[in-house]
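Visitor: Kindly produce the complete structure, drawing on both the sequences and the hints.
Note that the protein sequences, when read in sequence, are chains S and A.
Read in order, the letters of the first sequence are residues 1 to 318 in this note's numbering.
Read in order, the letters of the second sequence are residues 319 to 636 in this note's numbering.
The set of hints was computed from the structure by calculation and includes no laboratory data.
Treat the hints with caution; some may be incorrect.
[Said to hold, decoys possible] Derived SDA-like pairs: lysine to any residue, alpha-carbon spacing no greater than 25 Å straight-line: (1) S:LYS184 x A:GLN474; (2) S:LYS184 x A:VAL505; (3) A:LYS502 x S:PRO60; (4) A:LYS502 x A:ASP544; (5) S:LYS184 x A:GLU507; (6) S:LYS184 x A:PRO378; (7) S:LYS184 x A:GLY504; (8) S:LYS184 x A:THR377; (9) A:LYS502 x S:VAL183.
2 protein chains.
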Amino acid sequence: MDLTDPQTLARAVAEGDRRALARAITLVESAREDHRPRAEALLTALPRREALRLGLSGTPGAGKSTLIEALGMHLIGQGHRVAVLAVDPSSQRSGGSILGDKTRMELLSREDAAFIRPSPAGGQLGGVARRTREAMMLCEAAGYGVVIVETVGVGQSETTVADMTDVFALVLAPHGGDDLQGVKRGVMEAADLILVNKADRDPTAATHTQADYAAALRLMRRRAQDPEGFPQVLKVSALTGEGLGEAWVAVEALWRWRRETGHLERTRAAQRLRWFEEEFVAQALARLGHDPRRGALRAEVEAGRLSPPEAARRALEA
Amino acid sequence: MDLTDPQTLARAVAEGDRRALARAITLVESAREDHRPRAEALLTALPRREALRLGLSGTPGAGKSTLIEALGMHLIGQGHRVAVLAVDPSSQRSGGSILGDKTRMELLSREDAAFIRPSPAGGQLGGVARRTREAMMLCEAAGYGVVIVETVGVGQSETTVADMTDVFALVLAPHGGDDLQGVKRGVMEAADLILVNKADRDPTAATHTQADYAAALRLMRRRAQDPEGFPQVLKVSALTGEGLGEAWVAVEALWRWRRETGHLERTRAAQRLRWFEEEFVAQALARLGHDPRRGALRAEVEAGRLSPPEAARRALEA
Numbered sequence: 001m002d003l004t005d006p007q008t009l010a011r012a013v014a015e016g017d018r019r020a021l022a023r024a025i026t027l028v029e030s031a032r033e034d035h036r037p038r039a040e041a042l043l044t045a046l047p048r049r050e051a052l053r054l055g056l057s058g059t060p061g062a063g064k065s066t067l068i069e070a071l072g073m074h075l076i077g078q079g080h081r082v083a084v085l086a087v088d089p090s091s092q093r094s095g096g097s098i099l100g101d102k103t104r105m106e107l108l109s110r111e112d113a114a115f116i117r118p119s120p121a122g123g124q125l126g127g128v129a130r131r132t133r134e135a136m137m138l139c140e141a142a143g144y145g146v147v148i149v150e151t152v153g154v155g156q157s158e159t160t161v162a163d164m165t166d167v168f169a170l171v172l173a174p175h176g177g178d179d180l181q182g183v184k185r186g187v188m189e190a191a192d193l194i195l196v197n198k199a200d201r202d203p204t205a206a207t208h209t210q211a212d213y214a215a216a217l218r219l220m221r222r223r224a225q226d227p228e229g230f231p232q233v234l235k236v237s238a239l240t241g242e243g244l245g246e247a248w249v250a251v252e253a254l255w256r257w258r259r260e261t262g263h264l265e266r267t268r269a270a271q272r273l274r275w276f277e278e279e280f281v282a283q284a285l286a287r288l289g290h291d292p293r294r295g296a297l298r299a300e301v302e303a304g305r306l307s308p309p310e311a312a313r314r315a316l317e318a
Numbered sequence: 319m320d321l322t323d324p325q326t327l328a329r330a331v332a333e334g335d336r337r338a339l340a341r342a343i344t345l346v347e348s349a350r351e352d353h354r355p356r357a358e359a360l361l362t363a364l365p366r367r368e369a370l371r372l373g374l375s376g377t378p379g380a381g382k383s384t385l386i387e388a389l390g391m392h393l394i395g396q397g398h399r400v401a402v403l404a405v406d407p408s409s410q411r412s413g414g415s416i417l418g419d420k421t422r423m424e425l426l427s428r429e430d431a432a433f434i435r436p437s438p439a440g441g442q443l444g445g446v447a448r449r450t451r452e453a454m455m456l457c458e459a460a461g462y463g464v465v466i467v468e469t470v471g472v473g474q475s476e477t478t479v480a481d482m483t484d485v486f487a488l489v490l491a492p493h494g495g496d497d498l499q500g501v502k503r504g505v506m507e508a509a510d511l512i513l514v515n516k517a518d519r520d521p522t523a524a525t526h527t528q529a530d531y532a533a534a535l536r537l538m539r540r541r542a543q544d545p546e547g548f549p550q551v552l553k554v555s556a557l558t559g560e561g562l563g564e565a566w567v568a569v570e571a572l573w574r575w576r577r578e579t580g581h582l583e584r585t586r587a588a589q590r591l592r593w594f595e596e597e598f599v600a601q602a603l604a605r606l607g608h609d610p611r612r613g614a615l616r617a618e619v620e621a622g623r624l625s626p627p628e629a630a631r632r633a634l635e636a
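Guide: Written out as structure tokens, the structure reads:
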């Protein structure tokens with residue numbers, strides 16, 4: 001089987017071949033411009049399959065990875081196939097990655113019905129979003145019915161993930177009763193569900209945290225895409241498994257409700273349009289990079305002999 | 319005098335006509351696409367004059383506006399002509415603007431040697447950066463030897479301002495001795511100078527804050543563009559005027575040192591290149607907006623019949 005051929009690779013991915021899926025993701029993640037035409041031919045050849053796209057973020061120490069592993073195991077037990085992708089815009093600097101240390105999801109990574117993909121090192125935020133969307137398309141085509149996109153809370157990464165998933169869940173640890181610290185307002189506004197993890201450790205603190213966030217959310221907003229107007233706040237424990245089943249029921253119920261009421265399709269259509277504009281910009285910049293006159297224009301701009309707006313116009317009028 | 323003609327307007331700006339400068343800034347700020355060709359003709363016709371570009375940001379309550387007013391009066395007393403521009407990406411939402419309330423710089427706004435321009439309402443962050451750069455070019459051409467760009471600390475606005483100025487100063491209030499809270503790491507890394515304001519109120523707290531930040535900066539970094547490897551931390555009081563003269567001496571000495579060592583020209587060249595790429599993207603998107611096939615492509619993407627990367631390629635292959 002010649003996996004360097006995009007058509008063959010697409011077929012192997014669609015048949016659920018894990019090795020082919022891993023290779024396909026490596027191809028779309030490649031920073032080499034000469035890999036891009038093959039990556040695009042691959043994406044075009046994929047079958048379209050629908051998955052539930054779940055975004056997941058959380059404050060440091062909230063136990064996000066442990067929760068994803070426990071949720072993943074629960075889903076597999078119910079017969080789902082689960083893919084986990086990571087968005088980590090900081091990995092370009094640290095060289096590390098969220099899921100790089102696979103032992104963090106040791107149980108889940110051993111399961112045939114699970115596919116875990118660490119965040120690639122290198123690249124910018126825009127690049128990370130593009131590659132994650134494409135990796136998600138590949139996982140869906142490979143038959144994973146649930147795709148979880150995890151993110152660390154760096155820069156705009158939560159918004160990036162919320163903009164490519166159907167349901168965006170925020171994982172928090174119970175707080176000491178003092179305040180709602182550590183969660184940016186924009187992230188709170190993007191949340192479709194809040195999970196207060198580690199409910200086993202201090203049930204009273206968890207219940208207070210749940211009540212505080214529920215109250216804060218009611219003050220903040222009312223959204224048409226939430227059946228009640230506000231997202232639910234649930235207590236869970238990744239350690240004991242408490243509340244995990246209920247959390248999944250809530251995710252799936254929200255997803256089905258949105259699908260039936262048309263919210264899901266509207267959200268996905270808006271996400272596709274933003275992706276289109278981002279791709280347009282990325283491809284325009286790539287073409288600028290190949291433009292033979294670019295070097296001369298850059299030199300003129302650098303020396304201050306040509307104004308940047310004027311140089312941009314000349315570059316576009318190629 | 320026909321100020322609708324870009325050449326005439328450019329001449330009037332260069333002669334120091336304040337009304338012409340105000341009109342010229344309104345033209346480059348205009349969101350109307352049909353104003354753009356005149357705006358660009360105007361910018362091309364301007365004489366190039368060199369100014370010291372000072373960026374200024376600060377935590378809420380640090381007394382930034384009062385400090386700018388006091389510094390501006392000090393500079394005017396020394397014979398400088400000073401322009402103050404504001405970058406406020408949040409003004410699109412609030413409809414307000416940092417300097418909208420001119421009484422906040424009542425003394426300075428009455429001076430002939432000062433030009434104060436509130437932040438325009440509307441537009442996105444990318445748009446704000448573009449318009450501020452162009453307004454800065456206009457102020458320089460009008461003979462303002464010092465251009466101060468003020469920003470509120472919203473989103474990426476500090477980084478945006480640091481990327482268009484020669485010296486980026488951060489204004490802080492003395493803290494209670496507890497921590498360095500409220501300043502994002504990226505902002506700290508961009509700072510060329512830190513001013514601890516309100517030194518009159520609690521001199522001991524101000525001295526502690528000064529020492530704490532100086533220590534933190536020494537741990538954080540060493541930069542070739544700082545003569546000592548680290549930015550200076552100075553105490554000032556906008557109210558009593560204490561330390562303002564020294565602060566300006568520090569800004570000017572840093573600027574001259576960077577100019578003589580070539581750092582200034584390298585920084586400006588890099589800023590121009592980033593501006594070029596941002597302009598390229600902005601203009602490419604504007605052209606996409608005018609493309610007659612764009613509606614059809616968007617409809618295909620929205621319906622999910624065409625993948626966003628494929629649609630972007632077709633839009634570019636016009």
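Visitor: For every hint, state whether the structure bears it out.
Guide: Hints, verified against the model:
Proximity of LYS184 (chain S) to GLN474 (chain A) is assessed by CA-CA distance (about 14 Å); at most 25 Å being required, the pair is judged to hold. This hinted pair checks out: LYS184 (chain S) and VAL505 (chain A) have alpha carbons roughly 17 Å apart, not beyond 25 Å. Between the alpha carbons of LYS502 (chain A) and PRO60 (chain S) the distance comes to roughly 17 Å, so the proposed pair stays at or under 25 Å and holds. Proximity of LYS502 (chain A) to ASP544 (chain A) is assessed by CA-CA distance (about 20 Å); at most 25 Å being required, the pair is judged to hold.
With a C-alpha separation of about 21 Å, the suggested pairing of LYS184 (chain S) with GLU507 (chain A) holds against the 25 Å cut-off. Under the criterion of a C-alpha separation no larger than 25 Å, the hint pairing LYS184 (chain S) with PRO378 (chain A) is consistent with the structure, at around 17 Å. For a cut-off of 25 Å, the pair hint linking LYS184 (chain S) to GLY504 (chain A) stands: about 17 Å separates their Cα positions. For the hint pairing LYS184 (chain S) with THR377 (chain A), the CA-to-CA distance comes to about 17 Å; that is within 25 Å, so the pair holds.
Among the hinted pairs, LYS502 (chain A) with VAL183 (chain S) is consistent with the structure: their alpha-carbon atoms are about 15 Å apart, no more than 25 Å.
Of the hints listed earlier, there is not a single one the structure fails to meet.
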